[in-house]
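Trainee: All chains, please: the whole structure from these sequences, using the hints.
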Amino acid sequence: MSATLAESAAGGLNPLRQTKPRYGEKVIRGILFAAAAVSILTTFGIVISVLIPSLEFFAEIPLTEFLFTTTWTPLFANPQYGVLPLVMGTMVITIIAVAIAIPLGLGSAIYLSEYAKPKARKVLKPTLEVLAGIPTVVFGFFALEFITEFVLKPIFPQIDIFNALSAGIVMGIMIIPTIASLSEDAMAAVPAGLRDGAYALGATKRQVALRVVVPAALSGIVAAFVLGISRAIGETMIVTIAAGLQPNMTFNPLEGMQTMTSYIAAAGAGDVATGSIEYKSIFAVGLLLFVITFFMNMISIRLVRRYRQAYQ
Amino acid sequence: MTTTLIPPADPRQVDLAGKGQPLADKTFRWILFVCLAVGVVFLGVLLAYVTIKGWPRLTPTLWENMPSLRRPEQAGAQSAITGTLWVIGFTALFALPIGFLGAVYMEEYANPSSRFTRFVEINIQNLAAVPSIVYGILGLAIFARALALGQTVITAGLTLALLVLPVIIVSTREALRAVPQNIRHGSLALGATLWQTTWRQTMPAAVPGMATGTILALSRAIGEAAPLLLLGAVTFISFNPTGPFSAYTTLPIQIYNWTKESREEFQILASATIVLLLVILLAMNAVAILIRNRTQKRW
Amino acid sequence: MMSRTMSDIHDSAAPQSTNDLANTGRMDVSAVLEGAEIPETVSNIVFDLNNVQVFYGDFQAVRDVTMQIGRNEITAFIGPSGCGKSTLLRSFNRMNDLIPGARVEGLLAYHGFDIYGPDVDPIEVRRRIGMVFQKPNVFPKSIYENVAYGPKVNGMKVNMDDLVEECLTKAALWDEVKDDLKKSAYALSGGQQQRLVIARCIAVKPEVILMDEPCASLDPIATAKIEDLMKELAKDYTIVIVTHNMQQAARVSERTAFFTADVDAEGVRHGRLVEYGPTRRIFTAPHDPRTEDYISGRFG
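Residue numbers (the working numbering), protein chains in the order written: chain A, 39 to 350; chain B, 2 to 300; chain C, 527 to 826.
If you are wondering where the hints come from, they were derived from the structure by calculation, not from laboratory data. From the three backbone atoms N, C-alpha and C, an ideal C-beta is built for every residue, glycine too. Careful, some of the hints might be misleading.
[As the list claims (entries may be wrong)] Partial list, computed: chain A residues near chain B (C-beta under 7 Å):
no. : residue
1   : L122
2   : S146
3   : Y149
4   : F184
5   : T274
6   : A307
Mentor: So this is what it looks like as structure tokens:
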């Protein structure tokens, strides 16, 4: 509605009108918008940098051969590009890691959430945070030099220097803080009223934890598991250092094996001619890795949103 | 436990003390504690191992000398130390302004229900969980090759900046959210514009949170090795970087290189360098905790 | 309905009927009876409201307000909770713009110009029409910087030291803080902080000061200081105050607007202006039975 009343009467200019055009504000808003949009550009960048060389790769190597044959020998005179050994290697090590991380992570979370006294929490939670902050190259070193040498060799004398078990164990411990902190967040979101009600009926802490809290926080806990698995799949340094660089179609954790990530690392760091099919295979494996972790991350995000909504 | 619902005729027979925790509960508690203890013990053993193993080489040669493959007893990690400083410098240079300003847009300017805002949020959540080696692929394809920046300090800085950007955005948003709304209202009611309010009141009040987020992000960047494997850091570098377009190596990469060597002297060198890296990270996190404890705003 | 005249009230020494508001003992209206009687209509109009309505999206928070605010008067908005008093107040300086989906219909004119007109700059509106909030929201900076903030962001070229001293003096705070202007504003008491907010507000040389329950979080002594300050400030500024405290409205204001909430079929409350007039009349001889009920404490 425009001014009608005294405008004509006063005959003067509207004192409330905009005197300065305030271009600065518009420019600033544009800059801020651009900064926020960088995240979208990053995703876009990842997709095209992985996708375009991959498409060129799949023009030469059929997708079915890539996904379903079992020989991965890019360096041979007659190279084979069946990615299953790499996927297998990733799977074996991930299974070992997750078999350790999920029980220990969930157990730690339940302890911190339901049992630990505030003083104990003050010491234990930061310890987990320190564990989370250790660079993965350090874990890889520890796996190769200590775990394989002093823990596994005595038990399995025939074990290879590079083996999946050592990498898997260390990776599992590395992932514990991820699973523990997300599970704990989910459990903390469970309303106190639910717990109190159970305690009032005479339930023990164990019963409350297992029958009330964990089921109530389940979607958040599952989200934590999924994120942990995704991290295990995408981890590079530990497997590159400790599990060796030989593709190996085996379930035997005492042998070394190459994973998707360690192939990308080894091939990418080495002398590979740009534009060669071998060079493009790096991106094809990268695409596979990205797709797998992307879907797991989406599932995890959906689950987190679900438990957050439930208790809002 | 044998309790009945019918009270006994003689009230003195009621025993509220019970018979202590049943075995199942005690065992359960112990199992949980062991779960936690495994991680703690592992951490302790790891720290002890690297310190003991690297002890002989925790001497000034570690930072005074350059790496050498032929004479390990004289090798040091100076090029890795300076390389790390250069790379992290550029990482901060790119990541901090973009991260801070992007978070400001999302918290102060954007309409929370618009499609763009929600799309950005999903993007950030996803990017936070993408494997770090995929960022290496991004850096290789776009920065090193397409933009022809080569395998240099600036490529590493840009790549790591994108890697830690989600951390900065999330922590800055949280810090901004903690600033009470009526401070903004007080400023706007005086005739200040939204930017004046944000720049002069909201952001200064959020500085402690932004600082701790920054330290978290840079700690992460310092420890990263996987993306840099694809960006040329593994080549043998025994000189300090001379500029943004210089070749480089970093501490985690140097550790990786030495770990790969079979000779025991290099394992000891790797251990010592690990201790150095951990000390740096510990110092940074101590600063972050100090900031967090010092600034208790009484709103 | 009752219609008392001035002489009736003065002459009664004892309650003349059960309807005698002034002597029911429910409220002390002696303050209302001080000072000169003012005319029913506003002569020097600052705000002219014509069928103003405030919406949040589809929800109508305030219905059909028609009134005028007079210059250099203190106008009080009273009424029970949830009847749109604060919402209406916030639309005077376009603070409602900050809430997504808020809009104003009708004509809210400031010196004849529609505040919501197409070429109006909300920033300029807020400079001329200042606001004091319920909880003192001083900035986490020094006392000096709090007062200097407004002039700085508005680009006012003034001698800042002089301006700060002048505003703190006008806000009755100078003597208490003059020794250390660099002290953090958080070190002040609640009452002092609110006076600092007032000083900060007048530093940008507004014409109007809007006050949204300014004494709600203060103790009685601090409240009394602010009320005295208001009466001083009214000599230079136009003041509109929202208050839950009827006695306060009676003590400080020249005009009072009484609002109530219509509750519709779904139980949703919509604010409505019931009655508006000189405070003295509102409190001693209200026209509307709802006003009389509220003032005599029968509801709200």
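Trainee: Flag every earlier hint the structure violates by its number, smallest first.
Mentor: 1
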